[in-house]
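Colleague: So the sequences go chain by chain: A and B.
Our numbering puts the first residue of the first sequence at 1, with every later residue one more than the last.
Our numbering puts the first residue of the second sequence at 116, with every later residue one more than the last.
Wrong hints could be hidden among the right ones.
Said to hold, decoys possible - Far from chain B by the CB rule (all over 10 Å, computed), these chain A residues:
1) Val35
2) Leu45
3) Ser47
4) Glu54
5) Phe70
6) Thr71
7) Ala73
8) Lys96
9) Leu104
10) Glu111
Said to hold, decoys possible - With a straight-line cut-off of 25 Å between C-alpha atoms, the simulated PhoX-like cross-links for lysine-lysine are:
11) A:Lys90 x B:Lys188
12) A:Lys106 x B:Lys188
13) B:Lys369 x B:Lys275
14) B:Lys327 x B:Lys371
Keep in mind that the hints were calculated from the coordinates and are not lab data.
Glycine is no exception: its CB is placed at the ideal position from the N, C-alpha and C atoms.
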Amino acid sequence: MVKIQIIAILVSLLFLLYIVRLIIRGKLREEYSIVWIVCTTILILFSLWRDGLELIADFVGVYEAPNLVFTGAIFAILIYLLHLSIVVSKLHSQNKQLAQEIALLKNKISEKSKV
Amino acid sequence: MTNSSSINLKQSTTVVTEGVYRIAAIVPAFNEEEAITSVVNDINQLAAEKQLLIDVIVVNDCSKDSTSEIISKINCIAINLPINLGIGGAVQTGFKYALENGYDFAIQIDGDGQHPASEIPKIISAAVNGNLDVVIGSRFITKEGFQSSAFRRIGISYFKWLNHLLVGTIIFDSTSGFRLINRKVLTIVSEYYPDEYPEPEAIIVYSLNNFKIGEVSVSMKDRQGGVSSIGTFASVYYMLKVTLAIIFTFIRMKFKRI
C-alpha cells in the first residue's frame, strides 16, 4: 500500500465520519446525505482497489485513468449542484407562500383587535 | 369558475355602474415613505368624489424606511410582509387578499406616484363597458405624459414583439404596472404570479388563459420619490430574465393545455 492510498482512505473515512456526525446531530437531513455517503464509499473503494480504476478506464476507453476520476467527479458535482438549485427553488417558493400567509394573518389579527 | 362578478359584467354593457363593484386598489410599496401618503390619499379622495367602492391595500414589501409606520396611520389596509419578496410577490399578496375578501376587481397602482388616481375611473369603465378581464393602462397608445427613456422604450417594443410572436396579442405597454384584473383573473394570479419584473410575463399568463385583455391610454408621471426597481445595470438582466420567463411560461402552459 502506497502513502497516497493511506492518505486517501484516511481522509475519506474522516469525511464519512463527519457526515455521520452531522446526521446524528440533525444538521444534515438523510435525503441530502445519501449522495455524500455514496461518493465517499466510491472514494474508499478505489483507494483500496487501485487496479479497478485502470480496469474501468480501459473498459470505457479512457487512456489515462485519472481523467476518468476527474470526468466522473465533475459530472457528479454538476448533477449535485443542479439538485441543490432545485431544492433552493422549492424553498424559495415555499418561503414566499409562508411570508404571504403571515402578512395576511397579521393583517387579520390587527383588524380584529381594532374592533 | 362562474361567479357573480362575471355575470354582472355581461349585463352592464351600456351603463357604467361602478359603484356596484368592490374594488381593491393594490399598492405595492418598497421604501416609498416620500410618496405613499399622497398616493393613498389621492385614491381615497377619488373614491369619495366618484362614489366608488375602493379599498386601498398597501403591501409593504419589508421596507427599511418608515413606510410601515406611515401606512398604519393613514386610511388604508396595511399588509406588512415579514421578508422582502420583490414586486411580484408583494402584488400577489394583494391579489390573495382581494380574492379572500371578495373583491370584484383588483387594480394595481405603484406606490411611487407614477400612476395618477384620476385615471382609475377610465380603467374601470373600460373593464365594465368593454367586458374585459384585464385592462392595462398604457402610456403609448396616445403619447401623453411621462414617456420613459429611449432605452426603456426599445425594451418595451421588444416585449410587444415577443408577446405578439407567442400569443398574438398586441400590448403596447406590456411593462405597465397600472392594470386592473377581475375576479376570474384573481383566482389564477393568486396561484401563480412571477416574482421579479412580473408585468410582461403576466400578459402571457392572461393570454394563454384566454382572458380578454384591453388597453386604455393613460398619462403617467415620473416617479415622485424612491428609486426604480430596475437600475441601469439590471436592465440587461431584466431583458434576459423576462425573455426566459416568458418563453418557459408559454411552453409550460401550452403543454398543460394539450
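Colleague: Determine for every hint whether it applies to the structure shown.
Modeller: Each hint tested on the structure:
1. Val35: holds, 27 Å
2. Leu45: holds, 40 Å
3. Ser47: holds, 43 Å
4. Glu54: holds, 44 Å
5. Phe70: Since the minimum Cβ distance to chain B is about 31 Å, phenylalanine 70 of chain A lies beyond 10 Å and the statement holds.
6. Thr71: Holds, because the least Cβ-Cβ distance between threonine 71 of chain A and chain B comes to about 29 Å, which exceeds 10 Å.
7. Ala73: holds, 30 Å
8. Lys96: violated, 5 Å
9. Leu104: It is violated; leucine 104 of chain A is separated from chain B by about 6 Å at its closest Cβ, not greater than 10 Å.
10. Glu111: violated, 8 Å
11. A:Lys90 x B:Lys188: Status violated; Cα separation ~36 Å.
12. A:Lys106 x B:Lys188: holds, 16 Å
13. B:Lys369 x B:Lys275: Measuring from Cα to Cα gives roughly 20 Å; hence the hint holds.
14. B:Lys327 x B:Lys371: Distance ~20 Å between lysine 327 of chain B and lysine 371 of chain B Cα, so the pair holds.
In summary, the structure is inconsistent with hints 8, 9, 10, 11 from the numbered list given earlier, while agreeing with the others.
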